[in-house]
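Asks: Letter by letter, the chains look like this.
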Amino acid sequence: EAGVTQFPSHSVIEKGQTVTLRCDPISGHDNLYWYRRVMGKEIKFLLHFVKESKQDESGMPNNRFLAERTGGTYSTLKVQPAELEDSGVYFCASSQVSTGELFFGEGSRLTVL
Amino acid sequence: AQSVAQPEDQVNVAEGNPLTVKCTYSVSGNPYLFWYVQYPNRGLQFLLKYITGDNLVKGSYGFEAEFNKSQTSFHLKKPSALVSDSALYFCAVSDFGTGGFKTIFGAGTRLFVKA
Numbered sequence: 012e013a014g015v016t017q018f019p020s021h022s023v024i025e026k027g028q029t030v031t032l033r034c035d036p037i038s039g040h041d042n043l044y045w046y047r048r049v050m051g052k053e054i055k056f057l058l059h060f061v062k063e064s065k066q067d068e069s070g071m072p073n074n075r076f077l078a079e080r081t082g083g084t085y086s087t088l089k090v091q092p093a094e095l096e097d098s099g100v101y102f103c104a105s106s107q108v109s110t111g112e113l114f115f116g117e118g119s120r121l122t123v124l
Numbered sequence: 015a016q017s018v019a020q021p022e023d024q025v026n027v028a029e030g031n032p033l034t035v036k037c038t039y040s041v042s043g044n045p046y047l048f049w050y051v052q053y054p055n056r057g058l059q060f061l062l063k064y065i066t067g068d069n070l071v072k073g074s075y076g077f078e079a080e081f082n083k084s085q086t087s088f089h090l091k092k093p094s095a096l097v098s099d100s101a102l103y104f105c106a107v108s109d110f111g112t113g114g115f116k117t118i119f120g121a122g123t124r125l126f127v128k129a
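Protein sequences, first through last, are from chains A and B.
Here this note's numbering is used: the first residue of the first sequence is 12, the next is one more, and so on.
Here this note's numbering is used: the first residue of the second sequence is 15, the next is one more, and so on.
Derived by calculation from the structure, the hints in this document are not laboratory data.
Some hints could be false.
[Unchecked claim] Rough simulated footprint, nothing fancy, chain B against chain A, three-plus residues with beta-carbon under 8 Å: (1) 52-62; (2) 116-123.
[To be verified] Now the stretches of chain B that chain A is said to cover, found in silico as 3 or more residues with beta-carbon under 8 Å: (3) 52-64; (4) 116-127.
[Claimed, not checked] Far from chain A by the CB rule (all over 10 Å, computed), these chain B residues: (5) P21; (6) E29; (7) S40; (8) V71; (9) S84; (10) H89; (11) S100.
As the structure is a prediction and not an experimental result, all values here were calculated from the model.
Ideal Cβ placement from N, Cα and C applies to all residues, glycine included.
Let the hints inform the model, and build the full structure from the sequences given.
Replies: Structure (structure tokens):
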């Protein structure tokens with residue numbers, strides 16, 4: 012069974028540019044989550060999808076971040092325009108039930124110069 | 015509001031010795047508690063969880079954790095550390111809020127096991 016996959020693994024962009032991160036969850040997992048870890052701090056919750064619906068987006072930093080999950084399969088997280096403080100590792104995770112364990116991808120490291 | 019604290023940035027232990035990685039939490043209701051491990055250049059992997067029942071839960075790779083409700087703690091333990099246990103460990107708590115169940119994580123504790 013394929014795990015959670017994320018693309019790209021590493022992205023380096025300049026301030027003001029746009030980046031789109033992609034996450035393919037484990038097949039059949041309705042719950043999909045985005046998290047971000049910045050410079051050794053806690054892994055911060057961004058948002059939670061149940062199928063194609065946003066269940067909770069309370070952790071999204073501002074309107075420069077846009078997450079979608081069309082069709083309830085893969086998800087994208089777009090940052091536009093990127094700022095220096097957006098640098099970090101963006102993790103995607105999926106789960107069968109919201110109370111269960113999360114299965115994580117390897118993360119997408121974003122560096123904004 | 016939910017919160018998770020891992021008071022130690024790093025824990026150093028000699029191989030063969032017991033290890034403890036500390037975690038305390040704050041939630042409004044009954045918590046679901048988790049430990050995850052991250053090896054270099056990998057995603058987080060689930061180790062164990064507590065939902066209800068016996069306060070001592072056993073997980074992968076010989077790890078266990080003890081739930082202490084009065085101290086709101088969920089410390090990770092292993093009787094005999096291995097060099098291969100060296101990794102980054104994250105404590106997490108899930109709680110039910112206005113947006114449904116949400117899992118939040120601590121800042122992580124780096125475990126270094128010396129041969």
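Asks: Next, verify each hint and record whether it holds.
Replies: For each hint, the structure was consulted:
1. 52-62: Satisfied; 7 residues make the cut.
2. 116-123: holds (count 3)
3. 52-64: holds (count 7)
4. 116-127: Three-residue rule met by the segment 116-127 of chain B, so holds; n is 7.
5. P21: For P21 of chain B, whose nearest Cβ neighbour in chain A is about 13 Å away, the distance exceeds 10 Å, so it holds.
6. E29: At about 25 Å from chain A, E29 of chain B clears the 10 Å cut-off, so the statement holds.
7. S40: 14 Å, holds
8. V71: 13 Å, holds
9. S84: 24 Å, holds
10. H89: For H89 of chain B, whose nearest Cβ neighbour in chain A is about 18 Å away, the distance exceeds 10 Å, so it holds.
11. S100: 17 Å, holds
When each numbered hint is compared with the structure, no violation occurs for any of them.
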